[in-house]
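A.B. asks: Turn these sequences into a full structure, and let the hints guide you.
Protein chains in written order, with my numbering: chain A, 1 to 155; chain B, 1 to 97.
Treat the hints as calculated values from the structure; they're not laboratory data.
Small disclaimer: the values here were computed from a predicted structure and weren't measured.
Yeah, the Cβ is synthetic: ideal placement off N, Cα and C, and Gly gets one too.
Careful, some of the hints might be misleading.
[As the list claims (entries may be wrong)] Where chain B lies over chain A, by a calculated footprint (3+ residues, C-beta under 8 Å): (1) 6 to 16; (2) 40 to 52; (3) 62 to 74.
[To be verified] Here are the simulated BS3-like cross-link-like pairs (lysine-lysine), alpha carbons at most 25 Å apart as the crow flies: (4) A:Lys123 <-> B:Lys41; (5) A:Lys123 <-> B:Lys74; (6) A:Lys123 <-> B:Lys47; (7) A:Lys109 <-> A:Lys7; (8) A:Lys7 <-> B:Lys74; (9) A:Lys109 <-> B:Lys92; (10) A:Lys123 <-> A:Lys7; (11) B:Lys74 <-> A:Lys35; (12) A:Lys66 <-> A:Lys107; (13) B:Lys92 <-> A:Lys7; (14) A:Lys35 <-> A:Lys123; (15) A:Lys107 <-> A:Lys12; (16) A:Lys123 <-> A:Lys59; (17) A:Lys107 <-> A:Lys123; (18) A:Lys123 <-> A:Lys66; (19) A:Lys107 <-> B:Lys41; (20) A:Lys109 <-> A:Lys59; (21) B:Lys47 <-> B:Lys74; (22) A:Lys66 <-> B:Lys41; (23) A:Lys12 <-> B:Lys47; (24) A:Lys12 <-> A:Lys109; (25) A:Lys7 <-> A:Lys66.
[To be verified] Over 12 Å on every C-beta distance to chain A, these chain B residues come out as not near it, computed from the model: (26) Thr9; (27) Val80; (28) Ser81.
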Amino acid sequence: MENRIEKRIEIKAPVSRVWRAITDYREFGEWFRVKLEGPFVAGQISRGQITYPGYEYLKWVAVVQKIEPERLFSFTWPYAKSLDREHYSAADHSKDPTTLVEFRLEKTKNGTLLVLTESGFDKIPADWRLEAYRRNDGGWTEQMKNIERYVTQKP
Amino acid sequence: MFAALGDQTRLLLVARLADGRAYSIAQLTAGSRLTRQAITKHLRVLKRAGVVHSRRVGRERLFEFDPRPIGEMKEYLDRVSEQWDQALARLKSFVES
Chain A
1 MENRIEKRIE IKAPVSRVWR AITDYREFGE WFRVKLEGPF VAGQISRGQI
51 TYPGYEYLKW VAVVQKIEPE RLFSFTWPYA KSLDREHYSA ADHSKDPTTL
101 VEFRLEKTKN GTLLVLTESG FDKIPADWRL EAYRRNDGGW TEQMKNIERY
151 VTQKP
Chain B
1 MFAALGDQTR LLLVARLADG RAYSIAQLTA GSRLTRQAIT KHLRVLKRAG
51 VVHSRRVGRE RLFEFDPRPI GEMKEYLDRV SEQWDQALAR LKSFVES
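C.D. replies: And the structure:
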C-alpha cells in the first residue's frame, strides 16, 4: 500500500490544450464539476462550490502551489477526513493535514501524457477512522460515486 | 500510519501479530536479535498508529494486531484512486471532444 496515488493518461490533444483545460478555472470547473470563484494563482487559496445537482452544498477549497506553464500545476487540499471539506477555512485550519495534487504534462507522439499524483497520505493522523468519515453525510467519495452515475446517465 | 509501518522491524512484528493471537513482549522478543527495550519501543510506535493494542492479562501485558486502520486506509485510497480515474476520464472526454 503506497502513500501516494499516481495516474497516467494519454490525451489526444496538444499540451497547450490540456494545460488550458487544467489551469483555466472555468474549464477546470467544467470537467471537475466545480464552480470556482476565480482564476488559479500560485500561492493563493482557490474557493468554489461543487456543481453536481444534489451536492451543491459541498465546498471546494484548495491552495494553489505551482503553475509552471505547460509542465506542472499543483495544489494542496484537505484530505477527506482531516476536516469536512464543507467547512474548511484556511485561517482556522492552516495546520491541518493536506494532500498534494500534481498535474504533470509531457508531449508525446500522439498528444499529451498527463501524470496525476496525489501524495501526502502519510500525514493522516493515526486516529483516523473511515467509519467516522463515512457517517458524515457530506462524504466526498460517496458524492463522487453518485456524480459518476449522473455523468454516465447524461453524456 | 505509513511511518509506523515503514520500518522493517515493525513490519515483522505486525506480520507476527497478524495471526490474530495476543503476544507478550517476552514472546515477541524470543528468537529476535533485538532487546526487550527495542521491541517495546517499536510496539509503542505501532500502538500510536492504532495498528496494535495492548491489554493487561494478570501480570502480563499482551499485544494484539488491529487490522482496521490498515484496511480502512486501503479502502480510502482505493476510493480516492477511483475518483481520480473518473475525473481524468471526464477531462479526457472534455479535451478530446
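A.B. asks: State for each hint whether it applies.
C.D. replies: Results of checking the hints against the structure:
By the rule of at least three residues with a Cβ nearer than 8 Å to a Cβ of chain B, the coverage given for the stretch 6 to 16 of chain A holds, with 5 such residues. Given a C-beta distance limit of less than 8 Å, the hint that chain B covers the stretch 40 to 52 of chain A is violated, as 0 residues qualify and 3 are needed. Requiring three or more residues with a Cβ within less than 8 Å of a Cβ of chain B, the coverage given for the stretch 62 to 74 of chain A is violated, as only 0 such residues are present. Proposed proximity of A:Lys123 and B:Lys41 is supported: the alpha carbons are some 21 Å apart, at most 25 Å.
With a C-alpha separation of about 15 Å, the suggested pairing of A:Lys123 with B:Lys74 holds against the 25 Å cut-off. Between A:Lys123 and B:Lys47, the direct Cα distance comes to roughly 17 Å. Compliance with the 25 Å bound is thereby established for this hinted pair. For the proposed pair A:Lys109 and A:Lys7, the alpha carbon gap of about 19 Å is at most 25 Å, so the pair holds. A distance of roughly 17 Å separates the Cα atoms of A:Lys7 and B:Lys74; the hinted pair therefore holds under the 25 Å criterion.
With a CA separation close to 17 Å, the supplied pair A:Lys109 and B:Lys92 stays within the 25 Å bound. Distance check on the hinted pair: A:Lys123 and A:Lys7 sit about 21 Å apart at the alpha-carbon level, within 25 Å; holds. Our distance criterion of 25 Å between C-alpha atoms is broken by B:Lys74 and A:Lys35, whose separation comes to about 30 Å. Distance check on the hinted pair: A:Lys66 and A:Lys107 sit about 19 Å apart at the alpha-carbon level, within 25 Å; holds.
Proposed proximity of B:Lys92 and A:Lys7 is supported: the alpha carbons are some 13 Å apart, at most 25 Å. A distance of roughly 28 Å separates the Cα atoms of A:Lys35 and A:Lys123; the hinted pair therefore is violated under the 25 Å criterion. Our distance criterion of 25 Å between C-alpha atoms is met by A:Lys107 and A:Lys12, whose separation comes to about 10 Å. A hinted pair counts as satisfied when its Cα atoms are at most 25 Å apart, and A:Lys123 with A:Lys59 qualifies at roughly 22 Å.
Between A:Lys107 and A:Lys123, the direct Cα distance comes to roughly 33 Å. Violation of the 25 Å bound is thereby established for this hinted pair. Note on A:Lys123 and A:Lys66: the hinted pairing holds, with a Cα-Cα distance of about 21 Å set against a maximum of 25 Å. The straight-line distance between the Cα atoms of A:Lys107 and B:Lys41 is roughly 49 Å, outside the 25 Å bound, and the hint therefore fails. A hinted pair counts as satisfied when its Cα atoms are at most 25 Å apart, and A:Lys109 with A:Lys59 does not qualify at roughly 38 Å.
Taken as a hint, the B:Lys47 and B:Lys74 pair is honoured in the structure, with Cα atoms around 19 Å apart against an allowance of 25 Å. In summary, the hint linking A:Lys66 to B:Lys41 is not supported, as the alpha carbons are separated by about 40 Å, beyond the 25 Å threshold. The hinted pair formed by A:Lys12 and B:Lys47 fails the criterion: a straight-line CA distance of about 49 Å is larger than 25 Å. For the hint linking A:Lys12 to A:Lys109, the alpha-carbon distance of about 9 Å falls within 25 Å, and the restraint holds.
As the CA atoms of A:Lys7 and A:Lys66 are separated by approximately 19 Å, the hinted pair is consistent with the 25 Å bound. Every CB of chain A is more than 12 Å from the CB of B:Thr9 (nearest about 18 Å), matching its label as outside the interface. B:Val80, annotated as away from the interface, has a beta carbon of chain A within 12 Å; the closest lies near 6 Å. For B:Ser81, the shortest C-beta to C-beta distance to chain A comes to about 5 Å, within the 12 Å cut-off, and the non-interface label is violated.
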